[in-house]
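> So you can see what is in the structure, the chains are spelled out below.
There are 2 protein chains.
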Amino acid sequence: MGFGARLMAAAEATDRVLAAALDPATRVPARLAEATRYAVLGGGKRFRPLLVIEAAALFDAPADAATTVGAAFECLHAYSLVHDDLPAMDDDDLRRGRPTVHKAFDEATAILVGDGLQALAFELITSPAVPAARAGALANVLALAAGNAGMVGGQYCDLNAFDLDEEGVGRMQAMKTGALIAAACEAGAVLAGAEDEHRVRLRSFGEHLGAAFQLADDLLDVEGTTAETGKRVGKDAAGRKATIPARFGAEEAHRRLEARVAAARACLEPYGERAAVLVEACRFVAERRS
Amino acid sequence: MGFGARLMAAAEATDRVLAAALDPATRVPARLAEATRYAVLGGGKRFRPLLVIEAAALFDAPADAATTVGAAFECLHAYSLVHDDLPAMDDDDLRRGRPTVHKAFDEATAILVGDGLQALAFELITSPAVPAARAGALANVLALAAGNAGMVGGQYCDLNAFDLDEEGVGRMQAMKTGALIAAACEAGAVLAGAEDEHRVRLRSFGEHLGAAFQLADDLLDVEGTTAETGKRVGKDAAGRKATIPARFGAEEAHRRLEARVAAARACLEPYGERAAVLVEACRFVAERRS
Numbered sequence: 001m002g003f004g005a006r007l008m009a010a011a012e013a014t015d016r017v018l019a020a021a022l023d024p025a026t027r028v029p030a031r032l033a034e035a036t037r038y039a040v041l042g043g044g045k046r047f048r049p050l051l052v053i054e055a056a057a058l059f060d061a062p063a064d065a066a067t068t069v070g071a072a073f074e075c076l077h078a079y080s081l082v083h084d085d086l087p088a089m090d091d092d093d094l095r096r097g098r099p100t101v102h103k104a105f106d107e108a109t110a111i112l113v114g115d116g117l118q119a120l121a122f123e124l125i126t127s128p129a130v131p132a133a134r135a136g137a138l139a140n141v142l143a144l145a146a147g148n149a150g151m152v153g154g155q156y157c158d159l160n161a162f163d164l165d166e167e168g169v170g171r172m173q174a175m176k177t178g179a180l181i182a183a184a185c186e187a188g189a190v191l192a193g194a195e196d197e198h199r200v201r202l203r204s205f206g207e208h209l210g211a212a213f214q215l216a217d218d219l220l221d222v223e224g225t226t227a228e229t230g231k232r233v234g235k236d237a238a239g240r241k242a243t244i245p246a247r248f249g250a251e252e253a254h255r256r257l258e259a260r261v262a263a264a265r266a267c268l269e270p271y272g273e274r275a276a277v278l279v280e281a282c283r284f285v286a287e288r289r290s
Numbered sequence: 291m292g293f294g295a296r297l298m299a300a301a302e303a304t305d306r307v308l309a310a311a312l313d314p315a316t317r318v319p320a321r322l323a324e325a326t327r328y329a330v331l332g333g334g335k336r337f338r339p340l341l342v343i344e345a346a347a348l349f350d351a352p353a354d355a356a357t358t359v360g361a362a363f364e365c366l367h368a369y370s371l372v373h374d375d376l377p378a379m380d381d382d383d384l385r386r387g388r389p390t391v392h393k394a395f396d397e398a399t400a401i402l403v404g405d406g407l408q409a410l411a412f413e414l415i416t417s418p419a420v421p422a423a424r425a426g427a428l429a430n431v432l433a434l435a436a437g438n439a440g441m442v443g444g445q446y447c448d449l450n451a452f453d454l455d456e457e458g459v460g461r462m463q464a465m466k467t468g469a470l471i472a473a474a475c476e477a478g479a480v481l482a483g484a485e486d487e488h489r490v491r492l493r494s495f496g497e498h499l500g501a502a503f504q505l506a507d508d509l510l511d512v513e514g515t516t517a518e519t520g521k522r523v524g525k526d527a528a529g530r531k532a533t534i535p536a537r538f539g540a541e542e543a544h545r546r547l548e549a550r551v552a553a554a555r556a557c558l559e560p561y562g563e564r565a566a567v568l569v570e571a572c573r574f575v576a577e578r579r580s
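For the protein sequence lines, the chains are P and Z, in the order given.
Using the numbering used here, the letters of the first sequence correspond one by one to residues 1 to 290.
Using the numbering used here, the letters of the second sequence correspond one by one to residues 291 to 580.
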């Protein structure tokens, strides 16, 4: 199975877990449930679940558990998008080609949808589908990626980034985007109970991959179109956001992207052919157009 | 040691854990760290930590672990207050007698502080201070209380509560306030590895206590003063919030409060004198003036 088919399979498996978790028959208020499904079932590549699933497969972890852990990462990712789009934050109207949650519903609902998706991430990662002996460690990996030293801190820096130096930009992006991608890769090893050496190796892979992902994202803002990306482009320059292409030009950003991809692939060398899908994931990140 | 001294000891122990977790020397952006400390170290009775600590003590769970689990519950509670106060939600300027987080800082920071505190709750409850064998189950109890079927769903209902019937009001309050208080009591039993019978019993105790807590809170809004409560009063009637005193009068609310206190105490009967502090907690809830 090639990379595209693996990504599609991961997306379908993730959506099954998410759809079951967001079953409208529960006692959740109907419109809140609808807004939550809108936020998390409305497309998305399910790239983080793929990373969890493929990293877990390297060490022969059970696939069902990996799918549930992947869905938890997707919930956390989806929550961060909903909150980042809020008027008080990046104030975006479009996401994945559709109105953002606060536009399609309202601001209070969007705040609550994000809050609920973060809780759902931790509910899933500690659910019966995940071996009890690993659940605590997995939830800890997710929490560290999510919090003030991870995604939340990164978003804070991004909103207040206008005087960041180059090192500051790198640190901000490592927190905002890199932390969750690195944690997804690490979580695969944790789920499998792999030794610390592998846990560290998968985390390093994810850190380089996350940096490559952010560089590609920033390049898309410079080089992409709204039709391709499903969101407003050119906003980084307009908003004076601190990105590598904005500061150093597209050519330098492409050079750094390739260096990150090479470093990520190097982390996977000990796993040989078993890591073929993760190797392809690097290429996917570097060449993505949306 | 009487109830007041126990509550103070629990508060001090909780604040030590929280202060260490929010150490300014970490790589968290300084102003975000400051706003987070403002939100969670700015007073508060630490009633939920007390419940965790006392419920855990019933079954001889290690006190250090109970303190950390209690601090996790306090983080979740603090996050919910920060988000509930936001302009798009309850739009409150005062909390515990001080400007709310979005007033003292700004709206984006307040959203991120809440998001980060929810993550910190799960970081603490799965930290090395908590036995690894219990961490997953504890995080699951916390996540269920936090999510769309708990606090988030309750806040959603509260914001859209104008046409709720009496049953709807009860359900909304059970989700918004009751879920976390019940989970705190249950968590004590889970941390100790107590049998399901005790887990269910402590949870029932917490559900009655949570209902009593909400009734007392609603009565304070009718009968209290801003000087006593540290927040705006009379806003429920002004905002046509669905509360029992607003719908049925203070006398009926007092009657129901007493019935809940009695039901809560009845859950504790098997534990005799060992549950003395939790029995006093019921009285504390019923008679609180802030």
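These aren't lab readings, by the way, just hints derived from the structure by calculation.
Glycine included, every Cβ here is placed at the ideal spot set by N, Cα and C.
Misleading hints may appear alongside valid ones.
[Unchecked claim] Chain Z regions said to be covered by chain P (calculated; three or more residues, Cβ under 8 Å): (1) 333-347; (2) 351-365; (3) 412-426; (4) 466-473; (5) 478-487; (6) 548-554.
[Said to hold, decoys possible] Heads up, incomplete: computed chain P residues facing chain Z, CB under 8 Å, no partners named: (7) Thr36; (8) Asp115; (9) Gln118; (10) Asn148; (11) Tyr156; (12) Leu164.
> Look at each hint and say if it fits the structure.
Structure-based check of each hint:
With 0 residues having a beta carbon nearer than 8 Å to a beta carbon of chain P, the region 333-347 of chain Z misses the requirement of three or more and the stated coverage is violated. Counting residues of the region 351-365 of chain Z whose CB lies closer than 8 Å to any CB of chain P gives 0, so the stated coverage by that chain is violated, three being the minimum. Under a criterion of three residues with beta carbons nearer than 8 Å to beta carbons of chain P, the stated coverage of the region 412-426 of chain Z is upheld, 11 such residues being counted. Three residues within the 8 Å Cβ limit are the bar, and the region 466-473 of chain Z against chain P gives 0, so the coverage statement is violated.
With 0 residues bearing a CB less than 8 Å from a CB of chain P, the region 478-487 of chain Z misses the requirement of three and the coverage assertion fails. Counting residues of the region 548-554 of chain Z whose beta carbon lies closer than 8 Å to any beta carbon of chain P gives 0, which falls short of the minimum of three for the stated coverage. The interface hint given for Thr36 (chain P) is met, as the beta carbon of that residue sits about 6 Å from the closest beta carbon of chain Z, less than 8 Å. For the restraint placing Asp115 (chain P) at the interface with chain Z, the shortest Cβ-Cβ distance is roughly 5 Å, inside the 8 Å limit, so the hint holds.
For Gln118 (chain P), the interface hint holds, since its Cβ comes within 8 Å of a Cβ in chain Z; the closest pair sits about 5 Å apart. Hint status for Asn148 (chain P) relative to chain Z: holds, with the closest Cβ pair at about 4 Å, below 8 Å. Against a cut-off of 8 Å between C-beta atoms, the interface hint on Tyr156 (chain P) holds, since the closest Cβ of chain Z lies about 5 Å away. Because the beta carbon of Leu164 (chain P) sits about 11 Å from the nearest beta carbon in chain Z, more than 8 Å, this interface hint is broken.
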